[in-house]
Structure formats: C-alpha cells, structure tokens
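*Asks:* Using the sequences plus the hints, can you model the full thing?
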Amino acid sequence: MKNLKTQLGPVSIVGLALISVVATFTLDSYSLLVFTLCALAAVVGVGLNVLIGLSGQISFGHIAFYAIGAYISALMTLAGWPLWLAVPAAGLVAGAIGALLAIPALRVTGSYLAMITIAFSFVVHHSLIEWRDVTGGSNGLMGIPMPEFADVDPSILLALIATALMIAALAFYQRLHHSGWGKAMRAVKASEIAARSLGFNPVVSKTLAFALSALLTGLAGSLLAPLLMFINPESFPFSQSILFVLAVIVGGSGTLFGPVLGALLIVLVPELLSDFAEYRLLIFSVLLLVVLWIAPNGLLGTIARRWIKPTALTPPARIDTRRVADYLGNRTHRDGLHIRDIGIRFGGVQAAQQVSLHAPAGSITSIIGPNGAGKTTVLNMISGFYTPDSGQIELGRALAGLPAWKSARAGIARTYQTTQLFGEMSVLDNVLVAMQQGRLGLIFSRPSDAQRELALDLLALVGYRGAVNIPAEDLAHVDRRLVEIARALATAPAVLLLDEPAAGLSRRDTDALATLLKQLAGFGLTVILVEHDMALVMAVSERLLVLDAGKPITVGTPAEVQHDERVIAAYLGGTDYQATPRNKAWDGSHDARLYVKDLVIDYGAAPVVNKVDLVVNPGELVAILGANGAGKSSILQCLAGLHRASGGSILLDNENIEQASASSIAGQGLALVPEGRQVFPYLSVRDNLLLGSYSRRDAVDAEGEIEAILQRFPRLRDRIDSPAGLLSGGEQQMVAVGRGLMAKPKILLLDEPSLGLSPSMIGELYDALAALRDEGVTLLLVDQMANLALQVADRAYVLETGRVIKSGSAAQLREDSELAAAYLGEGVSA
Amino acid sequence: MSFRLPDVQRLLFPVAAAISLNLAVATSTQAAEPPIKVGLVAALSGQSAKSGEALTRGLTMAIDEVNAQGGVLGRPLELVRRDDESNPSKGMLAARELIQREKVTVLFGGLDTPVSLAIVPLANQLKVPFMGIWAAGTKITENGAADNYVFRVSAVDELVDEALVKYGADQGMKKPGMILINNPWGESNEAGFKRALEKRGLENAGVERIQDSDLDVVPQLTRLKNAGADTLLMVGNVGPSAQVVKSLDRMGWDVPVVSHWGPAGGRFGELAGPSASRVHFIQTYVFTEHNDAKGDALLAALKNAYPQIESLADVTPAVGIANAYDALHLSALAIENAGSTDGEAVRDGFYQITDYDGLIKDYRQPFTAQKHDALGPDDYVFAHFVGDQIVPLNP
Amino acid sequence: MFTAAIVTGLGLGSMYALLALGFHLTYVVSHTVNFAQGSAMMVGAVLGYTLCITWGLSLWLALPLTLLLSALYGLVIERWLVRPFHSRGSQAWLMATVAGGILVDNLALFTFGKEPRQFESSLLNLKVELFGNAIGALQLLIPLVGAAIALALFLVRRYTRLGKVLEACVQNPRAAMLMGINVNRVVAIAFAISTVFAAIAGLLIAPLFSVNAEMGMLFGLKAFAVAILGGIASAGGVFVAGLLFGLTEALVTLYFGSAFTQILTFALVILALAIRPNGLFGSQALVKV
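So the protein sequences, as listed, match chains A, B and C.
At position 149 of the first sequence (counting the first as 1) the number is 149 in my numbering, and the numbers step up by one without a gap.
In my numbering, each residue's number is its place in the second sequence (first place is 1) plus 1000.
In my numbering, each residue's number is its place in the third sequence (first place is 1) plus 2000.
Treat the hints with caution; some may be incorrect.
One side of the interface only, derived from the structure: several residues of chain B facing chain C at Cβ under 8 Å [said to hold, decoys possible]:
id, residue
1, E1053
2, Q1211
3, L1215
4, I1309
5, E1310
Not everything, but these chain B residues come out facing chain A in the computed CB check (under 7 Å) [said to hold, decoys possible]:
id, residue
6, L1044
7, S1045
8, P1088
9, S1089
10, M1092
11, E1097
12, Q1100
13, P1121
14, K1174
15, E1187
16, G1206
Worth flagging that the hints you see were computed from the coordinates, not collected in a lab.
Every residue, glycine too, gets a C-beta built ideally from N, C-alpha and C.
*Replies:* Set out below in structure tokens:
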C-alpha cells in the first residue's frame, strides 16, 4: 500500500512512456508533429520547473536557451555533424550560458530577476538577427537535415527521440526532487535564511538550478531544429517565453507532471483553436484567464491537494537513544562557546554592546530581557547573520565575520522566533535536508535508510507525534516549533540556539520542552535559549544573561537573577515610578462601550485566544496583562479588524464589528495605537497626526486639535515638521498616541506603549495616559509592564495561554503576589 | 491505421463560424457535393494582420465568383484559414494541419517570406501545390527541389530590386543610399539591390536599417546624406516607411525615394503626410477611380461584401487583394485542368493553363515546369500617393 | 543632429518614464505591477484617435474622456486581474496581467482596425529653432509634459491629502488601515493613475509615431526595464532612469544604427543590474531574521 503511493511518480512516468511510444506509431503526421512539439515544450517546462518549482527563481528568458539549442544543433548538423553529437553539445552550451546568466541573476530577486532574463532574451534574439555570417540573420537557416536511422520515418524517429528526452527529463526531475541537490534547492527556495543556517550556500544551489534548467531547454531546442527543418529568429518570439512560464505555473510548479499538463495547454489548445483563425489569440488569452481564476496555483497542485492524501507515516514510539546520542555527541567542543565583547550598530542605534558569555558544552544558558533588549540580535551575530562590529566568537575556532552558512558548518544550529520551516517540503525532508550539513553530494544521492531512521528518531526525541510525510506548512504551531528543533539537531550541532521556543506553547508542552532541553544538554550540546517564559527559563537554565537596551545587566544563576533588583525593574516596570491615581474610584455608566463575548482567535492552527470575555465601560481604563505569547496583542489586533476572529462576538456601542474591515472599524470610532508605534516614517509629525483624523466625518479643526496634542506632548512641538521616522522611540510613541487621539475615538486601544522606552520616557507617557483617563477617555491598555499598567488602570484582566485566568480591580491585583510569579516564574514547578 | 487527435475543433466550429462569419456557412447550403478546400496560412493577428485580411478578401471574392458559376469540377470551393502569427514554426504546423487534416487541394501563403520558406519543403514533400500570393522572397519558388510544387502570383524580390534600380537609374540616380527594414524582407532586398547596382556599375552610399519602433530616422538618413546619396532605395512596411518620409521632412532633405511596395500596405498618405507623394513605389495592381471592367466589378463586389470599405483608401493593400484574386482563379483553372484534386495532377494543371484574362494582366501560359512565377518585371507598375489614393505614375 | 538625437532621446525617455512611474506607483502600494501597462498606452492612443478623429469630438472633450476611460481600464485591471490573485497571496497576477494585455491588444485589433493610423497634431508642424536644428514643437513639448507630470506627482504626493493617504499606504499599509483608510481603494486608485499616465504617454507619442493595436507591447517592456533600472521603489530614480534609457537609445541609434539599439541597451540593463542589484537608485532593505 505504501509502495503504491510512493511509486506513483515512477509508475506514471513509465505509463506516459508507453502511451507516447504507441502514439508515435499510430498518429497521423500532423498529429505526430503536434505531439513532438508538446513533448519538447514539456522538456522546456521540466527545465523551467527545476528553476521555478525547485529553486524558486523565475526566468522569462528561456526562449533564448531554446533558440541557442536550436541554432547550435542546426549549425552542427548543417556542417555535417551527426545529430547525436549535436544534441548534447547544444545542451551543454545552453547549460554553460545558463550558468553564466546566473552570475548577474543571483544578485537580484523577484521583478529584478525577471527583468534580467527578459533583457537576456532580447539580447539573444537581436544577436541572432545581427550575427548574419553565422546565424543567417533574419532569413535564418534552411535545409536542416532530419536524422536518419535504419528505415524509420525521420518524423517518427524525431518523435521517439523527443519522447525519450521528455521521459528522461521527467525521470531526472523525479530523481532530482528527492536528491540532495533537489532538497538543497527546495530548502533555499522555501527559506533562504533557514537554508543558510543549515550550512547551504544559496549561490551554489541557485547557479545549479539555472544551469540545469538551461541545459534541458537547450536539449529541447536542439531537436526543434531538425523538426522544423527551417529556423529563423522569428521562430523564437519573446511571447513564447511567457507561455513557457505560464505552462509551468498553470500546470503546477513544483509538481512532476505539471509541466506536461502545461505543455498540452500551450501547444495543443492553440491547435484545437486553429479554426478561429484571427480570433485564436483572443480566445486563447480568455481561456488562460479562466484557468488562472480557477486554479491560480496550478491545476495539478490543486487536484493533488484535493485527492491525493499520503498514508500517514509517524515517528517511532521507542527511540534508539544510543544512536541519537552518538550522532549528537560527535561534534561537541568540550570548551563550549566563548563570546567576548561583541557589539553591533545599525545606523545610529547601538543594538548590542559588550556582550560576553561563556557557555560550556552540556549546559543550558538563557538570554533574557525586555522586548527590544537585543537578544535576537545576539543570536544573529552568533549564527553569522550579522557581522559584529567588535568582539570575538569562538567555537574551537574564530567564527565572528563568517557567513551564516559557514558558521552552520562549524557547528552552530538555530531556530527562529517565527518558525522558518521549509513549508512545501515534508516534515521528514525538513530533517533530512539538514542532515546533509550543507553538502550537496552527488547529483542523485538520496538519504540512506540509516539516515531516515535517525531522522525519525530525532523527530520522536523532540516529541513530535504527527505524520512525517505531510508538508511542514500544514503543521500546527506547536509542531512547527518541535520540527524546527529536530531540524536544527539534524545538523549534529555543537551549539543549539533557540529563539523563543516556548512562545505560544501550552504549559504542558512547555514542561515537555524543559525535559527535552535538559536531555539535549545531557548529550553534550551547548544550548542557548532566548525566552520570555520565566517558568521554563528558571527551571532549565544553569546560567542567565540579562540584557536591557543592548547592554548586559547581569550574568548569574537563576536564583541570583531572580532577586536582582535591576532585573525586577526591567521586567515588572520601574517600581519607582508612581502614576497619579484617580482622585476617586471610577463610577460611571455600566452600559458597555466595548463588549466582547466568547472571542476565539487562531492563525490556522490551535487557537491562541480561546473564549475570552471582556467588557470596557465608558470612561474606564482597563488593562490586559499577561506574559508574552499569552494572546494580548492578538486580542487588540482582532478588535481593530486587522485579524478576523474565528468565533465570538464584538460589540462597539451595541453594534457588531467582528466582521467589519479595519478601515470601517476605525470609521466607527475604535482607534488602535499599535505595538511598535507604526508611525509613517517619511511623513512629518503633523501629517501623521492629520492622518489620524482621516476617519472622522465631522469637521476637523486641524490647527486647534494639533495644538491640543502639542500641549499634551510638548516634546513634539519642536519636531512637528520633521519626518516621524527620525524621532526617538518615546517621541514616536507620543505621535502614535496623538494620532489615535486625533480620531476622537469612542475607545482608544494601546498595544505595549512602553515597549523599548527609557524609564523617564515611560513616566512621561504614563502621566499622559493618566491625564487622558481623568478627562474621561475610554482606554484599553496592553502592557507587559504589569505594575505600571496596574497603577493607572481601573480594572484589569490577566491572560494566560489565551484564556482569562483572573480579573478584578487594579487595586486587588496590585496586591496579588501570584501575579509577580506569573512573570518571573517563581513558585511554578517545572 | 491512423489515430487522430480529438476533434474538438469540429465541435467548436459552429462557434468559430458564427464569430468570424466564416464563408463555409454560405457555401455549405449550396451543393450536396463536398466542397474542394483551399487553405490560407497568413498573419491574421498581430502587426501584419492587415495583410491577412486583404488576402482573405481577395480569395473570398474570387471564390464567390467561382462558386456562383457552379464551382470547380461541379464542387464548390471552400476557404480554410489559419493564423501563423508571423512565426515560421506556427506556419509550418498550420500548413501541415491544412494539408493532412483539412485535405486542402491548394495552399496559399501569406506576407512573411520566412513562413513561406518553412512551408516550401513540406509542400514539395507532401506534393500539394503551394501558391505564394504575397511573400516575394526569391527562394520561395526557386527552392531547388527537383519536384517543385511552389507557384507564385506576386512580385519577386530579385526582379523588383532590378526594376527599382532601373527606375531610379532612368531618373538619373548615380549613387543611391539604401534604407531597409531590419527583418528578413529587408535583408533579402539588400542582396538584390547590390546585385542590380553591380550590374550597372553603380556604387552605393551605404545601407541603413530601420525598425518598426523607430520614432526618428534622422540619424540613419543623415549618414546616407553625408555619404553622398542622390536617391533613396527604400524597403519597409507602411509604418516605418512613413517614419522615413517624416524624418526627411524634418531634415529638409529633398531626395527622390524609390520604394518597394511597403507604402501601399496601409494609409501611407495619412501616415506620411503631404510629402507622401515623393515616394515612388512598385505595385502589381492599383485600384483607381476608373479601372477596367474586371477591376470595377471587383471593387463593387468588395464594397458590397465588406461595408467597412467606403472609399479607395480602404482597399488596402491592393496588391494583396489583386494577387489573391488572380491566384485563386488560376488555381481553379488548374484544378479544372487536372480533373481531380490530386496534388500532382493539379500541379500539372497549372502548367496546362494557356490563357486567363485576369485582374493584373492577361496571363498567357503563366506557368511552365521551369517558370513558377506568373508575374515578371513587365507586370510591375510604379505609383505614388496623391492624398489618400494610389495613383499610377506614367513612365 | 546631435541636438536632434538628444531631443528625441529625452522625448522617448520621458515617455518611458511616465509608463515606468505607473509601474512604480502600483508597486509601492501593493507590490504588484501591471504587465498590461503597454496596452494601457495603446488604449490611450486608440481611444484618443477614435474620439477625436473617428467620432469628431473636440479635443477638449475627447482628451478628458480618454483619460477617464483609461482610468476605468486601470480599475478593471486591478479588480479582475490583480486583486483576485493578490488577495489570495498568489503571484498569478503576473500571468493574468500579461494575458489581459494580449486580450486587449487583440480586441483593439478587431475594433480599432489592423492598420496604423496617423493622429495629426498641428504642434508637430510648428517648428522651433534649437541650436540650428528645426525641431517640432511637440517634440519639445513631450519631455516638458513628462517632467511636468512627474513633478505634479511629486507635489501631489507631498502636499495633498490624497498624496498623504497614498504615502501612508506605501509606508505602512496596516497602520493606514487603522487610520480608517480603505487600502484596497487606494490600490485601485494607484492602478487608475498608472493607466492614465500610460494613456498620456500614448497620446503624446501618437503624432510622432502612428496609432496601432500593437504599439504598446515593446514600449511597455522597455518601460518595465526602466522601472527596474531606476529601482522600482524610487520615483525619482525611475524618472531619471527613463531619461537615461531614452538618451542611450537615441545615442546608440545615432552612432551605431538602430539595429544595435536593443542589443546594447538591454545588455546595459543586465550589466547595470549585475552591478546594482536594486537598480541604479534603489536601496537595499535590511534583512530581518
């Protein structure tokens, strides 16, 4: 049963070969010509599929390779060389030119790459016209001999050769797809960043893809010449290039038979439409549009996703621990990782400075600190994505300054804040490609059984229980994190860097993660963890490095750090700051301004917010508290219409808004001051503020209202005409709040307003919030600085893993000792 | 034993006919006898679409006449058209389809010499007469095949070049400059011009090329002027030819222009402005206010069949219509002579045509085994634009 | 003659730049481009000819009507050829706009007609003396109009409310939504402006050239080259690249003949992009991990 499905590709290829051979001997000669042209277009399609489907690049220049192949074969056969020599020669020359074209093409992506290939096809086309002595100019080459073999009709012979080429191309593609080369290309396509951190050099795989693709196209072209017996530059119009790309995309890029289907579409369909004479192109373009509307991502892909479901293959329940230990233990450096005084600047910002750390083998070290403290920047420097301006990184040898793929090969593996799995590849392939450790191997090398079993063991080790032969993009959030860890392990690293692995994980999953991390350290790995989940951090870490604003605050054991005043201040907010409380407790209308019931939010997988109820009354300041990843920001984004809720209802002044678009919600009087300020950087402060009033329908007294904002935030007065992007973080936050206020909203939502601000700036900002509260503005506040938020709030909700676990008046919650625990992980067993 | 691709086009045909007002509908009601099909492979879309339209009109008018008189061998003629998109490989494919699937008896070719060159070996191999009615490439008929099935009722580049040089020389040309379209047509004429000039011992002021997309031809023309050109020999479609005239105006260079038939391919008078008349170009046929009886009849029939045709300015390009019209009548005679639709017999049928009073001329023994071109240097006329109309020049 | 070549080059170049600014506009608001942009230029010229000459409307009526219909064409492209794919995260808008361009070119072939027509302009016959060369007033007008429109675009973006809204969508579409800006509508407007630009280019170039159904194809491609060469996200870069491209073409034609124009200019494009992968005036975005 399993064999039937995995053998579907090869079996279909054999089937196609049989049908083609039968067709070759039975078709009338016109149909045979159409068939041969289809086969050649399919070869070009397969070639282009290597480029588009496997390596994720695009080329509108393939007609040029087709032409080059045809001209070389024509010139050689006209000069008396046999076709069997001319065909490979044409393929090789086209492939070599393809590799040359890859040099400029590699430096660019997207539209820029498209343009280079377009320009290339024009240069080739016009060179064929102007190089008259060789190419015969516009009048082309005539009398190209057809191949002769025994007494076979030459057109049948050509059809057979074309069939053979098509079958060979398909078999080649099938084999390449699963080989080390193919996996490397697909990995680079899916995520160049992740591929580099597995040790792959994208330059190599992209150049290979270009060369192979051009080679196949050149081979197809070399058969076109004897088939037509006459070629000139007009036989290779630019529009054909677009049709080739279209064939691959409409057929289904990255699928085995997509290009064959596409070839039928671009060769056979125009023939079927030939009776429409001058209206043929018109009707053909309409047909193309219809096909695109029906299946924008390819016919075959759409069909395959709907009907072909592989039998689930799952990792084993029992792990061969010894084998895993041998594999993971073989590269560890006893001395571990040394980091000395590294630092980096971006523009004017010192993102990290003087960071030092020694992480011995077999230990777990955590880097903690508030958002924007530079934790991920440090990981990026260690893994080679950023080159530090100063300092050393050593793992047996000096690593600072090496590109990411070399750092990876030296033994550094990592995961990402937002997972960077290779989405189209299966779970197993994600792990197997990592096992190549950046090597391509021989062209058709496939993973051995031992490697497959090891990969399954690694998946089992990290606790992944799902199917391994489904695309990684179909995985739930938790599973993505796990598979990403397994993939990093598959490179047999000495150092494993984990960037917020517990974000979005449930308590139980996090506890399992803790066990896993300890186990990995036990194998001798150096584990470095960036994490906000204090329960996890405190439970597993041997040592903590605390960063704030790019600078190390302290290094120490969990116990030391937990009682460090500076750390508490960085996390729970400056306890020295005292916001002005209300003169007397809030006592307004209980006719809810914002009423949220049973809100469920998900991002395609498990819900991140589950059945949350919230009420905000007019004039109230309500806070939502909770750790990172608890779902606070998701709720605000959902309320503002940036993300559609998957369940529940949201009422703003008794009107349902859960289905409305962000712009119409803004029009109804809900304003969000988003996380990270999100000012319009190149517009002046004044324009930013004015845009805030865009949604209002009443007359805006622009000058007067801006003056009011300036009085509230006097700092902005001097900056009113400078671009908002040049302001400091705190000033930008004021612009963002001011912009929200310009909408005269019924309710103002603030998402992490204190994030990344200096303590004095935070004080200024919270004074402004308190003033707004006292003026009767309705506010909903999310801030990870719980103490701060509770100082100004009337009421608060506490969120954990997407559920409200506590709610009450701010005064009650301020006295709650468990709240501090939720942030620093004290008292929670792991 | 032959297996055919699914015949979707048969299913689609009614739609096609309804859209394109295909003539088959008109003729199919006429006779119980199966029609004799003739094919046309020409550029029906894209830049050269106008040429395909003219050929279609010429053939259609002639077919209507033949069918009105009872058809050929008692069977009506039917035209089947294919678009070659000016691409030789598409043209070759279409020709094969017409010959093998539609079983056309005679195949007509379009404007592009390369497309015709791609079809020539096929026609000779499959023994189906291929009639060139526009493309003037010399090698189309002189293709070197022992068994030649390719005929032509159109100009021949080699002869046209000879005629143009002769015309120029008669007007006092000593050192012509060549301004040629950068495509196969221009290329083959370059060779022809050089041979014709060499024959007379004339030197030339150089060769310059123009593109369809050229906005300004002044640089090329200036180079010719500086090289001492006293006459321009021009080969180009109507658009680029008009650009040459406009650039000449801009330069203020008053030089005689002797041209291939490109300007007649459209509204040259409109495109080139008042100076259009300075260009003297070659034609095989010109419709005027007063034609002979045959010409007037055809003009009336055209106006009747195509309401878009309101004045003489709309009957463009006249050569396409006239060549197609005469070629179809000659082909009908050949089929009649052959007594069957067998390719070889029809080919010999062409040789047996003794006399046909056509639109362009009175054909006498137009084809022999050695002579596959019905028109020669004596059949060319020179003309120029006066306003929107083509007016013959009296030599 | 050198002066004439420069004038021609600037004229051509500013028309490339106008089309390319259209590519730029749609790109910055939606990261899509309209590959039917060339056909939009043809639509402008064809509509102008039809309204002005065939239907005999006065120029002052025909011109705004042409631009209005061209804007409508842009809206249709955005609504039917771009949004259905873009909103689903598919790249197929690329193919769809190409197919749309072919469709419109062919529709024009059967409605407007198969032969080129001349869009007369009295401005062309008005000669102006420049460094001893007689140059048609229109030829001088074209680069001026091109520059004026580019300047107008710049001023509108910088100083008007519509411009600010557009900028907001360019700089941060999510925040723009939070301001109550309907980003979809802004994208549609950008497409409309882009086709209007193309139509203006078509109308201006028509008297120098001729009006035909196929006139947009090559022009559109070259304009795309210009947009990329300039760095598609930079309006100023795109405009300068347009002028450079036009001048290069004119000078190559002047010294080598037009047969080599395309070989040389496109080879230069490849070379330029190999050296500056984000275009001559584009800048590299910081890669976030």
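*Asks:* It remains to establish, for every hint, whether it holds in the given structure.
*Replies:* Hints and how they fare:
{"no.": "1", "hint": "E1053", "verdict": "6 Å, holds"}
{"no.": "2", "hint": "Q1211", "verdict": "5 Å, holds"}
{"no.": "3", "hint": "L1215", "verdict": "5 Å, holds"}
{"no.": "4", "hint": "I1309", "verdict": "12 Å, violated"}
{"no.": "5", "hint": "E1310", "verdict": "13 Å, violated"}
{"no.": "6", "hint": "L1044", "verdict": "4 Å, holds"}
{"no.": "7", "hint": "S1045", "verdict": "5 Å, holds"}
{"no.": "8", "hint": "P1088", "verdict": "5 Å, holds"}
{"no.": "9", "hint": "S1089", "verdict": "5 Å, holds"}
{"no.": "10", "hint": "M1092", "verdict": "6 Å, holds"}
{"no.": "11", "hint": "E1097", "verdict": "5 Å, holds"}
{"no.": "12", "hint": "Q1100", "verdict": "4 Å, holds"}
{"no.": "13", "hint": "P1121", "verdict": "6 Å, holds"}
{"no.": "14", "hint": "K1174", "verdict": "28 Å, violated"}
{"no.": "15", "hint": "E1187", "verdict": "5 Å, holds"}
{"no.": "16", "hint": "G1206", "verdict": "16 Å, violated"}
Going through the hint list in order, the structure does not satisfy hints 4, 5, 14 and 16.
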